[in-house]
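Take the sequence shown: its letter number 104 is residue 86 in the working numbering, and every next letter is one higher.
To be clear, the hints were calculated from the coordinates, so they are not data collected in a lab. Among these hints, one or two may not hold up.
[Stated by the list, open to error] Straight line, CA to CA, 27 Å or less: simulated DSS-like cross-link-like pairs of lysine-lysine: (1) Lys207 x Lys183; (2) Lys114 x Lys190; (3) Lys190 x Lys207; (4) Lys168 x Lys190; (5) Lys268 x Lys114.
Computed from a predicted structure; not experimentally measured.
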Amino acid sequence: PGAAHLTDAQVAELGRELDAIRDDVLARRGTSDAAYIRRVIRWQRRLELGGRALLLNARHPAAFVAGTAMLTVAKIVENMEIGHNVLHGQWDWMRDPDIHSTTWEWDFVTPSRAWQNTHNDLHHRWTNVVGKDRDVGYNVLRMDESEPWQPRHLLNPVINAGLAPIFEWGIALYDLELDRVQSGEKSREELMTDLRSVGVKAARQFAKDYVATPAVAEVLTGSGKATLAGTLLANGLRNIWAHSVIFCGHFPEGAETFSEEMVDGETRGDWYVRQMIGSANISGSKLMHFMTGNLSHQVEHHLFPDLPSSRYAEVAPQVREICARYGLPYTTGPLLRQVGSAWKKVFRLALP
């Protein structure tokens, strides 16, 4: 592994340096951060409202294109920069009941509580630990050489391509943890509770996007079918974008995986090291960082998942300097290169 050269003392010192970075941001966090997230939420909701309003007249090409584009961007921002980060508790310190990890329900099929379990509690704790982090392949893809090859893995690229446009539904299924039910780790009673929760959320999403909006459009302008098509397209494009960004987080070349034995007796410093060398960033403009929900700063996000996402660009140079000083890799690259690298792994591991 990329950290094998570090002594225990160096790992401990590295941990103290990263703790100091986090403490510094927490000490300075305040009104400007609160104003930022409130501004983003306000802008996102106006954009969504405008997009849906235009789609009410979607039989006109200009309204269809503009409305679909606005709704797509609004859904991306809600999921990536707002929802995902709110659910991490990044804004809980504001004590605003409307912007809190315990109350926020995002515009995604999987319920917030289910996502917090599989993502916050499991993935962030066991990042890239094969056998512990279920995000390594999501139980359907072979994404690590240590997993024995089976003929079904030939479908790796097909499954991944099919998953992208329906990503939110795939995540909802994944969050049910059917593999844990099969192994006996999760009871059928727990599964039924989760199924009811997913059913309620899916019905709400379906009614909002595919029934209510098209029905109103049909009554007002006769644009029901075009409105339905625009909403389907917006959700599909949002799903493809989210899938691409998320796959860039831990699958590009340079991001390492770990065995359970390697993390046995792990210290806080060791955990920090694993987050750094097991994650991959995306380089780009401020707009690109915003549209990824600052998951382009995946390394920083995994080090400090509860810091405001808008602060990741600020701490990134310090994290990169620490990596260089301790001889650790800092994996990053442009979006297309990182997406291509992740897909290369999908194809490569489809074969024995």
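A quick look at each hint next to the structure:
| no. | hint | verdict |
| --- | --- | --- |
| 1 | Lys207 x Lys183 | holds, 24 Å |
| 2 | Lys114 x Lys190 | violated, 36 Å |
| 3 | Lys190 x Lys207 | holds, 15 Å |
| 4 | Lys168 x Lys190 | violated, 32 Å |
| 5 | Lys268 x Lys114 | violated, 34 Å |
Of the hints listed earlier, those the structure fails to meet are numbers 2, 4 and 5, in rising order.
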